[in-house]
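Make the full structure from the sequences, and use the hints.
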Amino acid sequence: MKTLADLKKIREKAQEEMKLRGSDARIKIVVGMGTSGIAMGAREVMRTFLEEIANRNLTDVIVTQTGEKGLSSLEPVVDLMEEGKETVTYGNMTPDKVKKVVVEHIVNGRIVSDYVVSTGN
Amino acid sequence: MQDISLHLLDTIENSVRAEARNIKVRVITDVSKNRLRIIVEDDGVGMDAHTLEMAQNPFYTSKLERVKKVGLGIPLFKQNAELTGGCFKMASEPGFGTVLTVDFGLDHIDRMPLGNLKDTLLGCIVGHPEVDFNINLSYSERGREQSFHFDTAAIKEELGDIPLTYPDVIEYIDQSLNQGIKNTNMEDV
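Chains as they are written, first to last, in my numbering: chain A, 1 to 121; chain B, 1 to 189.
Mixed in with the good hints, there may be bad ones.
Listed below are the simulated BS3-like cross-link pairs for lysine-lysine, each with C-alpha atoms no more than 30 Å apart in a straight line [stated by the list, open to error]:
(1) Lys89(B) x Lys69(A)
(2) Lys89(B) x Lys9(A)
(3) Lys89(B) x Lys33(B)
(4) Lys99(A) x Lys19(A)
(5) Lys97(A) x Lys85(A)
(6) Lys69(A) x Lys100(A)
(7) Lys8(A) x Lys19(A)
(8) Lys85(A) x Lys19(A)
(9) Lys99(A) x Lys85(A)
(10) Lys28(A) x Lys89(B)
(11) Lys8(A) x Lys182(B)
(12) Lys9(A) x Lys182(B)
(13) Lys182(B) x Lys33(B)
(14) Lys2(A) x Lys89(B)
(15) Lys8(A) x Lys28(A)
(16) Lys33(B) x Lys28(A)
(17) Lys99(A) x Lys69(A)
(18) Lys156(B) x Lys19(A)
(19) Lys156(B) x Lys28(A)
(20) Lys156(B) x Lys9(A)
(21) Lys89(B) x Lys24(B)
(22) Lys156(B) x Lys2(A)
(23) Lys28(A) x Lys9(A)
(24) Lys13(A) x Lys2(A)
(25) Lys182(B) x Lys99(A)
(26) Lys8(A) x Lys156(B)
(27) Lys2(A) x Lys19(A)
(28) Lys69(A) x Lys33(B)
(29) Lys99(A) x Lys156(B)
(30) Lys85(A) x Lys9(A)
(31) Lys13(A) x Lys156(B)
(32) Lys69(A) x Lys28(A)
(33) Lys33(B) x Lys8(A)
(34) Lys156(B) x Lys33(B)
(35) Lys13(A) x Lys69(A)
(36) Lys2(A) x Lys69(A)
(37) Lys85(A) x Lys69(A)
No wet-lab data here; the hints were simulated from the structure.
So, in structure tokens, the structure goes:
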């Protein structure tokens, strides 16, 4: 069973890492979690991002959930924001596509243009 | 929606959009009462009596028409509960928040499964770091009750400025929720 003492160890480890690379997240991922997104599988998209972050130990990425913004026919929709770069919006996402975006875009810095539905704001 | 945990996710997202900072989630399975009860209580902006009534109408949405024209989340949740002989109650007060109580007939043939409660809760906790979640799961059968309680405020206090999406933290929350869901038999509901 997990206890709060485990969290203390995690915090100490994370703080050591932040001393080396700074505390700002390099990439922010926003998963659209409105009713239509949920019905189209957005929860599984969110879960896959979290699994990939944990499995690949990506310590400089954060993921949040948001409501829908009028792209219902392209759900599940994911925004990927990187400091100093245009926001990239991926559409019709699935767990397999998420894995590809994590490897290509987040780890290797190459946008997966096949899944992009819009860029900019 | 294919299962109840997806409806729960939709409901929690409504609370977040209503600017809630504290959300209480209860999932109570009571075999002797033949009832599965979901309660979501938030401290968001709340709704007046008119909005509360309109929220149950599928052609009402709180969003601008250029964004979307229908609001099916609440009406579908209500319909799926009532199909099982259950009920759907929403109470709200502007400035104080909203409480949603949904009952399903536990052994009714039309009741959808509870589904993946862990994915719903993990995504909401990690995806809304500004919101504190207070989660209670309870399963009772023949006078015996097993329960699980999870409070994210204590976790955030312990973590300080470490984000909830830090890999080890995701695993910590994931494993804690999985254990609690297993201990309260919620994976089979």
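Against the structure, the hints:
| no. | hint | result |
| --- | --- | --- |
| 1 | Lys89(B) x Lys69(A) | 28 Å, holds |
| 2 | Lys89(B) x Lys9(A) | 43 Å, violated |
| 3 | Lys89(B) x Lys33(B) | 18 Å, holds |
| 4 | Lys99(A) x Lys19(A) | 29 Å, holds |
| 5 | Lys97(A) x Lys85(A) | 21 Å, holds |
| 6 | Lys69(A) x Lys100(A) | 24 Å, holds |
| 7 | Lys8(A) x Lys19(A) | 17 Å, holds |
| 8 | Lys85(A) x Lys19(A) | 25 Å, holds |
| 9 | Lys99(A) x Lys85(A) | 21 Å, holds |
| 10 | Lys28(A) x Lys89(B) | 37 Å, violated |
| 11 | Lys8(A) x Lys182(B) | 25 Å, holds |
| 12 | Lys9(A) x Lys182(B) | 25 Å, holds |
| 13 | Lys182(B) x Lys33(B) | 21 Å, holds |
| 14 | Lys2(A) x Lys89(B) | 35 Å, violated |
| 15 | Lys8(A) x Lys28(A) | 25 Å, holds |
| 16 | Lys33(B) x Lys28(A) | 45 Å, violated |
| 17 | Lys99(A) x Lys69(A) | 24 Å, holds |
| 18 | Lys156(B) x Lys19(A) | 20 Å, holds |
| 19 | Lys156(B) x Lys28(A) | 19 Å, holds |
| 20 | Lys156(B) x Lys9(A) | 14 Å, holds |
| 21 | Lys89(B) x Lys24(B) | 16 Å, holds |
| 22 | Lys156(B) x Lys2(A) | 15 Å, holds |
| 23 | Lys28(A) x Lys9(A) | 25 Å, holds |
| 24 | Lys13(A) x Lys2(A) | 17 Å, holds |
| 25 | Lys182(B) x Lys99(A) | 28 Å, holds |
| 26 | Lys8(A) x Lys156(B) | 11 Å, holds |
| 27 | Lys2(A) x Lys19(A) | 26 Å, holds |
| 28 | Lys69(A) x Lys33(B) | 41 Å, violated |
| 29 | Lys99(A) x Lys156(B) | 28 Å, holds |
| 30 | Lys85(A) x Lys9(A) | 34 Å, violated |
| 31 | Lys13(A) x Lys156(B) | 16 Å, holds |
| 32 | Lys69(A) x Lys28(A) | 17 Å, holds |
| 33 | Lys33(B) x Lys8(A) | 42 Å, violated |
| 34 | Lys156(B) x Lys33(B) | 36 Å, violated |
| 35 | Lys13(A) x Lys69(A) | 37 Å, violated |
| 36 | Lys2(A) x Lys69(A) | 38 Å, violated |
| 37 | Lys85(A) x Lys69(A) | 21 Å, holds |
Hints 2, 10, 14, 16, 28, 30, 33, 34, 35, 36 from the earlier list are contradicted by this structure; the remaining hints agree with it.
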